[in-house]
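Chemist: Those protein sequences? They're chains H and R, same order as listed. Each residue of the first sequence is one higher than the last, beginning at 1 in my numbering. Each residue of the second sequence is one higher than the last, beginning at 1 in my numbering.
Among the hints, erroneous ones may be present.
Any copy, or any two copies together, can satisfy a pair, since identical chains are not distinguished.
[Said to hold, decoys possible] Cut-off 25 Å, straight-line C-alpha distance, at most; resulting in silico cross-link-like pairs (SDA-like, lysine to any residue):
(1) K38 / E109
(2) K9 / S151
(3) K41 / M136
(4) K38 / E311
(5) K238 / M16
(6) K90 / E132
(7) K90 / L54
(8) K38 / T111
(9) K165 / K214
(10) K90 / N25
(11) K238 / E155
(12) K41 / K214
(13) K135 / G209
(14) K58 / K92
Note that these hints are calculated values from the structure, not bench results. All figures in this text were calculated on a predicted structure; none of them were measured in a lab.
Number of protein chains: 2
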Amino acid sequence: MPSQQDVAKLAKVSFMTVSRVINNNPNVTKATRERVLKAIKELSYYPNAAARALNSNKSRNVGIIFPRKDYFFVAPFCMELCFEVESRLKPKGYNLFLGSMTKGSESRELTAMFREGKVDGLILFAPRIGEEEIKMLADDHMPFVVVHGRSAGKEFSYVDSDNAKGTSLILRYLFDLGHRRIGFVSGDIGEMNSMDRYRRYRRELKAKGLPFDKRLVFFGDWSLESGHAAFRYLIEQKERPTAIFFSNDQMAIGAIKAAEELGVRIPDDVSITGYDDIKYASFTVPALTTVRQNIGAVGDKVAELILDTIEGKGEFRKIILEPELVVRSSCCRPVD
Amino acid sequence: MPSQQDVAKLAKVSFMTVSRVINNNPNVTKATRERVLKAIKELSYYPNAAARALNSNKSRNVGIIFPRKDYFFVAPFCMELCFEVESRLKPKGYNLFLGSMTKGSESRELTAMFREGKVDGLILFAPRIGEEEIKMLADDHMPFVVVHGRSAGKEFSYVDSDNAKGTSLILRYLFDLGHRRIGFVSGDIGEMNSMDRYRRYRRELKAKGLPFDKRLVFFGDWSLESGHAAFRYLIEQKERPTAIFFSNDQMAIGAIKAAEELGVRIPDDVSITGYDDIKYASFTVPALTTVRQNIGAVGDKVAELILDTIEGKGEFRKIILEPELVVRSSCCRPVD
DNA sequence: CTGTTAGCGCATTCAG
DNA sequence: CTGAATGCGCTAACAG
Numbered sequence: 001m002p003s004q005q006d007v008a009k010l011a012k013v014s015f016m017t018v019s020r021v022i023n024n025n026p027n028v029t030k031a032t033r034e035r036v037l038k039a040i041k042e043l044s045y046y047p048n049a050a051a052r053a054l055n056s057n058k059s060r061n062v063g064i065i066f067p068r069k070d071y072f073f074v075a076p077f078c079m080e081l082c083f084e085v086e087s088r089l090k091p092k093g094y095n096l097f098l099g100s101m102t103k104g105s106e107s108r109e110l111t112a113m114f115r116e117g118k119v120d121g122l123i124l125f126a127p128r129i130g131e132e133e134i135k136m137l138a139d140d141h142m143p144f145v146v147v148h149g150r151s152a153g154k155e156f157s158y159v160d161s162d163n164a165k166g167t168s169l170i171l172r173y174l175f176d177l178g179h180r181r182i183g184f185v186s187g188d189i190g191e192m193n194s195m196d197r198y199r200r201y202r203r204e205l206k207a208k209g210l211p212f213d214k215r216l217v218f219f220g221d222w223s224l225e226s227g228h229a230a231f232r233y234l235i236e237q238k239e240r241p242t243a244i245f246f247s248n249d250q251m252a253i254g255a256i257k258a259a260e261e262l263g264v265r266i267p268d269d270v271s272i273t274g275y276d277d278i279k280y281a282s283f284t285v286p287a288l289t290t291v292r293q294n295i296g297a298v299g300d301k302v303a304e305l306i307l308d309t310i311e312g313k314g315e316f317r318k319i320i321l322e323p324e325l326v327v328r329s330s331c332c333r334p335v336d
Numbered sequence: 001m002p003s004q005q006d007v008a009k010l011a012k013v014s015f016m017t018v019s020r021v022i023n024n025n026p027n028v029t030k031a032t033r034e035r036v037l038k039a040i041k042e043l044s045y046y047p048n049a050a051a052r053a054l055n056s057n058k059s060r061n062v063g064i065i066f067p068r069k070d071y072f073f074v075a076p077f078c079m080e081l082c083f084e085v086e087s088r089l090k091p092k093g094y095n096l097f098l099g100s101m102t103k104g105s106e107s108r109e110l111t112a113m114f115r116e117g118k119v120d121g122l123i124l125f126a127p128r129i130g131e132e133e134i135k136m137l138a139d140d141h142m143p144f145v146v147v148h149g150r151s152a153g154k155e156f157s158y159v160d161s162d163n164a165k166g167t168s169l170i171l172r173y174l175f176d177l178g179h180r181r182i183g184f185v186s187g188d189i190g191e192m193n194s195m196d197r198y199r200r201y202r203r204e205l206k207a208k209g210l211p212f213d214k215r216l217v218f219f220g221d222w223s224l225e226s227g228h229a230a231f232r233y234l235i236e237q238k239e240r241p242t243a244i245f246f247s248n249d250q251m252a253i254g255a256i257k258a259a260e261e262l263g264v265r266i267p268d269d270v271s272i273t274g275y276d277d278i279k280y281a282s283f284t285v286p287a288l289t290t291v292r293q294n295i296g297a298v299g300d301k302v303a304e305l306i307l308d309t310i311e312g313k314g315e316f317r318k319i320i321l322e323p324e325l326v327v328r329s330s331c332c333r334p335v336d
């Protein structure tokens with residue numbers, strides 16, 4: 001592998017000039033610059049990342065961490081996010097590390113990549129409420145940004161979508177259709193997102209003067225399977241709901257399967273709604289009425305925030321993105 | 001950030017001893033070792049990755065590259081693979097970089113991470129046939145491994161599933177059911193995988209003494225949309241197929257949607273099959289009969305191969321994994 | 001505008 | 001078993 005020295009020799013300059021050319025330092029004559037550029041191309045020289053990192057104390061890497069394996073599998077949302085972020089980081093010269101955080105893993109592991117200088121900053125996806133890791137990161141002043149989570153106790157930047165708003169969007173749509181007995185299926189209740197939606201569900205019920213019936217609530221975990229189980233559970237209640245709010249599309253898809261097995265028609269017998277508007281949402285039968293979270297916008301903001309945080313720009317920023325109701329065909333007026 | 005020097009001072013040894021302890025060099029007394037370990041913990045010292053990389057000339061990073069954005073989105077398979085690989089690399093001290101290769105991007109970008117020393121090796125997912133990048137990587141002797149692709153011209157290690165076998169599994173199952181007019185929907189025909197399945201489809205037809213009818217073939221691109229379009233196209237043929245082979249589950253899901261729109265019943269009017277057995281495959285209505293590729297096994301092999309390749313162990317290895325038929329309910333005997 | 005010097009944190013080599 | 005010197009490739013700070 002050629003080094004700056006080799007380039008320098010070929011271009012007949014000192015290696016310092018080579019360094020300047022690479023870093024776009026203006027103090028180089030056009031003529032020399034071009035000579036150096038030519039030499040660089042000729043040798044197909046690439047600056048050594050390790051050396052740069054060593055003396056600038058910056059790795060130009062960002063890590064993105066997902067809470068646990070299962071989550072990752074089932075959430076196309078996460079994948080899209082990865083790419084959105086990556087595509088925005090690359091032009092800035094940053095690369096993206098992928099990390100998982102299996103349940104048992106020590107919080108040390110998280111900070112390790114950091115202390116080792118492998119990453120300059122971390123993106124945490126939907127961390128669990130009260131997560132020790134976050135406290136540690138915050139206490140150690142590590143640059144990190146949370147996606148789908150809010151600060152509680154510790155201060156940090158985050159990007160979240162307005163869960164309360166999205167929930168209201170769905171619920172009011174259901175109310176307008178005439179539904180009064182509406183079931184609720186939560187995601188992993190250990191996550192902010194889930195709690196926010198659940199709380200808003202209860203609040204909307206109360207605002208509408210409707211009773212809260214805990215038999216109409218099922219605590220799921222975002223997975224296809226838990227959506228499937230939730231549907232079977234709710235449909236067996238003595239007074240079955242006329243509509244069910246699923247906290248993500250994934251679970252709603254699981255429910256569609258359960259409905260078929262049970263011979264329950266959607267939406268004729270029960271209306272269901274999802275959340276996220278993943279790509280599959282428009283391909284289910286019936287297509288899902290859901291709430292769209294603009295992943296592109298999330299990725300955009302996340303990339304911006306983590307870069308700013310790394311560069312120490314300004315204060316903590318809290319960004320709440322507006323969700324949007326997407327009406328398809330999984331809901332109709334209740335029969336009774 | 002504490003360095004070896006700081007640890008050394010605290011433990012009252014030279015920094016060299018610290019280095020030895022970290023690298024598990026046996027030439028350290030138990031007593032000193034423990035003193036050093038204590039100092040390390042006390043300062044919460046972590047070895048600097050950049051410095052290590054600089055002088056060992058190894059980054060201990062591996063990159064995984066997906067061909068284009070769209071592909072990534074639609075293939076849960078890719079995501080699962082990422083995690084499988086990551087979880088196997090981590091215990092070996094390696095981290096995983098995520099990279100995309102948008103269509104327009106120069107082949108230079110691919111080699112760049114390498115030349116910069118950001119990664120020690122690359123995992124290429126389903127590269128297109130005749131890809132320039134691969135040739136470059138091979139010519140430059142960079143350690144890389146291909147998943148879902150075979151060598152053609154250049155020599156390299158790869159992990160693939162037996163596409164021909166999988167295709168036969170499906171086709172023979174369909175033959176046994178009594179189907180004789182079987183449609184074929186390919187994935188992106190620029191990929192090995194697609195070609196392998198297509199060729200085997202034709203071969204099985206011939207072996208069975210069945211005519212090849214090009215009107216029964218649709219060249220898709222793996223996406224939900226192309227599956228949707230394929231179904232509409234095939235179903236409109238004068239002599240419509242009694243069964244359709246989709247080259248992945250994704251497209252089969254798109255087809256289910258199209259069938260619903262057209263009022264065509266699956267499997268009563270047309271049988272369909274998928275490929276991959278992604279998680280959703282068992283949640284569609286009807287559940288998909290498909291071919292399972294063991295992602296865990298793929299991830300396992302990929303991790304093993306890339307590590308071996310990086311460490312220069314042995315020759316190129318070609319690993320072909322056996323697929324398995326998964327019968328669910330998207331197929332039945334043809335009516336006519 | 002260009003070159004020289006020094007040092008980032010670590011591991012390899014050689015002395016003790 | 002332990003320590004001292006040397007250099008990995010690069011850039012910041014200074015000198016010319």
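Chemist: Up to 25 Å between alpha-carbons, please classify K165 paired with K214: within, between, both or neither.
Modeler: within (22 Å within a copy, 52 Å between copies)
Chemist: What label fits K38 with E311 when the C-alpha limit is 25 Å: within, between, both, or neither?
Modeler: Cα proximity of K38 and E311: none, with 33 Å in one copy and 33 Å across.
Chemist: Indicate which option fits the pair K38, E109 if close means a Cα-Cα distance not exceeding 25 Å: within, between, both or neither.
Modeler: Only across copies: K38 and E109 sit 19 Å apart there, 44 Å inside one copy, limit 25 Å.
Chemist: Regarding K90 and N25, is the shortest C-alpha distance of 25 Å or less found within a copy, between copies, in both, or in neither?
Modeler: within (21 Å within a copy, 39 Å between copies)
Chemist: At most 25 Å between C-alpha atoms: does K38 with T111 qualify within a copy, between copies, both, or neither?
Modeler: Between copies only: 19 Å across chains, 42 Å inside a chain, cut-off 25 Å.
Chemist: From the Cα coordinates, with 25 Å as the cut-off, is the pair K41 and K214 best called within, between, both, or neither?
Modeler: neither (69 Å within a copy, 49 Å between copies)
Chemist: State whether the alpha carbon distance between K238 and E155 is at most 25 Å within one copy, between copies, both, or neither.
Modeler: Cα proximity of K238 and E155: none, with 46 Å in one copy and 66 Å across.
Chemist: Given a CA cutoff of 25 Å, do K238 and M16 count as a within-copy pair, a between-copy pair, both, or neither?
Modeler: The answer is neither: 80 Å in one copy and 73 Å across copies each exceed 25 Å.
Chemist: Using 25 Å as the alpha carbon limit, work out where K58 and K92 are close: within a copy, between copies, both or neither.
Modeler: both (13 Å within a copy, 24 Å between copies)
Chemist: Since the copies are identical, ignore which copy is meant and state whether K135 and G209 lie within 25 Å (CA to CA) inside a copy, between copies, both or neither.
Modeler: Answer is neither; intra-copy 39 Å and inter-copy 68 Å both fail.
Chemist: One pair to classify: K41 and M136, alpha carbons no more than 25 Å apart. Within, between, both, or neither?
Modeler: For K41 and M136, the Cα distance is within 25 Å only across copies (16 Å; inside one copy 45 Å).
Chemist: At most 25 Å between alpha carbons: which applies to K90 and L54, within, between, both or neither?
Modeler: both (20 Å within a copy, 22 Å between copies)
In this structure, the earlier hints numbered 2, 4, 5, 11, 12 and 13 are contradicted, and the remaining ones agree with it.
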